[in-house]
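On the provided structure of chain W, position chain X as indicated by the hints.
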Amino acid sequence: MSGIAIAIIVIFGVLFGALMIAAGTIWYERRLLGVFQERYGPNRAGPFGVLQVIADMLKIFTKENWIAPFADKAIFVIAPGIIMISTLASFAVIPIAPAILVSDLDIGVLYFLAMSSFAVYSVALAGWSSNSKYSLLGSIRAVGQMVSYEVFMGLSLMGVVLQTGSFSLRDIVEAQSGLWNVVPQFVGFVVFFIAGLAETRRIPFDIPEAESELVAGYHTEYSGFKFAMFYIGEYVGITLISMMIVTLFFGGWQGPVLPPLVWFLLKTFILVSLFILIRAALPRPRYDQHLSFGWKLMLPLSLLNLAVTGGIVLAVAR
Amino acid sequence: MLGILNTMWVTFRHAFRRRVTVLYPERKRRLPARWRGRIVLTRDPDGEERCVACYLCSSVCPVACIALQAAIDEKGRRKPDFFRINFSRCIYCGLCEEACPTFAIQLTPDYEMAEYDRNNLVYEKEDLLISGTGKYPGYNFYRVSGMEISGKGKGEAENERPPVDVRSLLP
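So the protein lines, in turn, are chains W and X. If you're matching positions, the first sequence starts at 1 in the numbering used here and goes up one per residue. If you're matching positions, the second sequence starts at 1001 in the numbering used here and goes up one per residue.
So here's chain W without its partners, still in its complex pose:
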């Protein structure tokens, strides 16, 4: 009985924590972008403006729940839910601390990849059901980008999996007690990081939203609560990718002196800051440049990384 109670507490704790961190990330990004641009960012609501997120959420949730009359209503409503469910469900396999892990799946990495593929449906269906040209263009771009970047997102992780010999994220974290995976798998880390940027549709890879070309891309027709789902979904995605990078490449909860949870959150925090720095610094390339970069550079690089890692693992095993 107490085991079930602890499991329920962990599940809701992780769910709540993920949403809280995502909400905090919204505020943190706005402040940090301001800092990089020599401004202050939101600093009025509450201490350092932390209550700005609450103010924004109150505003967005009290807006009219409008559905475009030309939209395909059922799919239009379901689409924002899919992205939230798929990204939040991925948190189940992330070992946040030795005791805080919802489910220690032995195919944790595959589960994560499957869930991130699932998010493509949300974007594709949102653009399709909106029945407007900019939404459709945005979702076409999103699908093209996310499907092609997923290919080597998975491949870049296989080096880590080969080294550890397990798909379980807990095993991967425990195998990094001596040396973090980022050192032997540096290429894998770079490729996964770039693919993660593309999966969350962040700035150098934000062609699906491209506000200077496509209004808001696939969520042009969305407003109110449903828009908030996409908006929070993006930040949940950033948190998720940062946590995955920490788990896979930066030793997860491991670190001296401080408790595991603090280490994990600290590393996640630094990676989220890096995501925001990239947003502040880099422009958005053209669509064909994105795809040729992915297929012509990242894919061969990750295949090479996989081959070399496999060779070394095989040589060591002999």
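Don't read these hints as lab results, they were simulated from the structure. Note that the structure is predicted; figures quoted are calculated from it, not measured. C-beta: ideal position from N, C-alpha, C; glycine also. Warning: the hint list may mix true and false statements.
[Claimed, not checked] Among chain X residues calculated to face chain W with C-beta under 10 Å, some are:
no.	residue
1	L1002
2	T1007
3	W1009
4	T1011
5	F1012
6	A1015
7	F1016
8	R1017
9	R1019
10	V1020
11	T1021
12	R1030
13	L1031
[Unchecked claim] So these bits of chain X aren't anywhere near chain W, every CB distance computed over 10 Å:
no.	residue
14	M1008
15	P1032
16	W1035
17	E1074
18	F1082
19	G1094
20	M1113
21	A1114
22	E1115
23	Y1139
24	V1164
Quick look at chain X alone, frame taken from chain W:
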């Protein structure tokens, strides 16, 4: 690739620069004296209203936010009977100040005029009049103009000569 990293490094260094934002309600910028803000009506050094109700400001105003009515007071001077500026329309272009022949209407370095009620933005003469001379201390229109008013005949003002006797042939 190095270019991308360099861009990120440059952006990162900007985090330690001085902020350009002025945290407004706590800190205020020092405004120049010629700032075009709230419009006032000034008085001459004797404490009389400078405005002679010539309608030039009202006719030059591109958004037609100035309304006034001329009247003649007991000294025989033109004065505005009422003078009304609708600040919800005013664009603070300063054309009224340029048009004013008596330096009566002036723009001041004050911009904090927000109101909850729109009607409060309509300023009447008593709201506009200030007790001082504004930007031109010592200037008195009737002391330099050729106008005849009670207490001063034609040609008796500063830098003025008596009027030419047109019936005399002597130069």
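Taking the hints in turn, this is what the structure says about them:
Hint on X:L1002 is violated. Least Cβ distance to chain W is approximately 13 Å, over the 10 Å limit. A cut of 10 Å between beta carbons decides the hint on X:T1007: the least distance to chain W is about 5 Å, and the hint holds. For X:W1009, the shortest C-beta to C-beta distance to chain W is roughly 8 Å, which falls under 10 Å, so the interface hint holds. Proximity of X:T1011 to chain W holds as hinted, the smallest CB-CB distance being about 4 Å (cut-off 10 Å).
Given hint, X:F1012 at the interface with chain W, holds; its Cβ is 6 Å from that chain's nearest Cβ, closer than 10 Å. About 5 Å separates the beta-carbon of X:A1015 from the nearest beta-carbon of chain W, less than 10 Å, and the hint is met. A hinted interface residue such as X:F1016 counts as satisfied when its beta carbon comes closer than 10 Å to some beta carbon of chain W; here the least separation is about 9 Å, so the hint holds. Here the hint on X:R1017 is kept, as its CB sits about 5 Å from the closest CB of chain W, short of 10 Å.
Interface hint status for X:R1019: upheld, as the beta-carbon distance to the closest one in chain W is roughly 6 Å, under 10 Å. At its closest, the beta carbon of X:V1020 sits 5 Å from a beta carbon of chain W; the interface hint therefore holds under the 10 Å criterion. Because the smallest distance between the Cβ of X:T1021 and any Cβ of chain W comes to about 5 Å, under 10 Å, the interface hint for this residue holds. A distance limit of 10 Å between C-beta atoms decides the matter here; for X:R1030 the minimum to chain W is near 20 Å, and the interface restraint is violated.
Because the beta carbon of X:L1031 sits about 22 Å from the nearest beta carbon in chain W, more than 10 Å, this interface hint is broken. Distance to chain W contradicts X:M1008 as a non-interface residue, since its nearest Cβ pair spans about 4 Å, not more than 10 Å. Under the 10 Å C-beta cut-off, the non-interface status given to X:P1032 relative to chain W holds; the minimum distance is some 24 Å. Against the 10 Å criterion, X:W1035 stays outside the reach of chain W, whose nearest CB is about 24 Å from its own CB.
The claim that X:E1074 lies off the interface holds: its Cβ sits roughly 55 Å from the closest Cβ of chain W, which is beyond the 10 Å cut-off. Remark: the non-interface label on X:F1082 is consistent with the geometry, its nearest Cβ contact in chain W lying 41 Å away (cut-off 10 Å). Every C-beta of chain W lies more than 10 Å from that of X:G1094, the closest at about 30 Å, which supports listing it as non-interface. Against chain W, the non-interface label of X:M1113 holds: every CB pair exceeds 10 Å, the least being about 21 Å.
With a least beta-carbon separation of about 16 Å from chain W, X:A1114 lies farther than 10 Å from that chain, consistent with its non-interface assignment. Annotated as non-interface, X:E1115 keeps its C-beta farther than 10 Å from every C-beta of chain W; the closest such distance is 21 Å. The non-interface label for X:Y1139 is consistent with chain W: the shortest C-beta to C-beta separation is roughly 44 Å, beyond 10 Å. Listed as outside the interface, X:V1164 is consistent with that label: its C-beta sits roughly 67 Å from the nearest C-beta of chain W, beyond the 10 Å cut-off.
Violated hints for the displayed structure, listed by number in ascending order: 1, 12, 13, 14.
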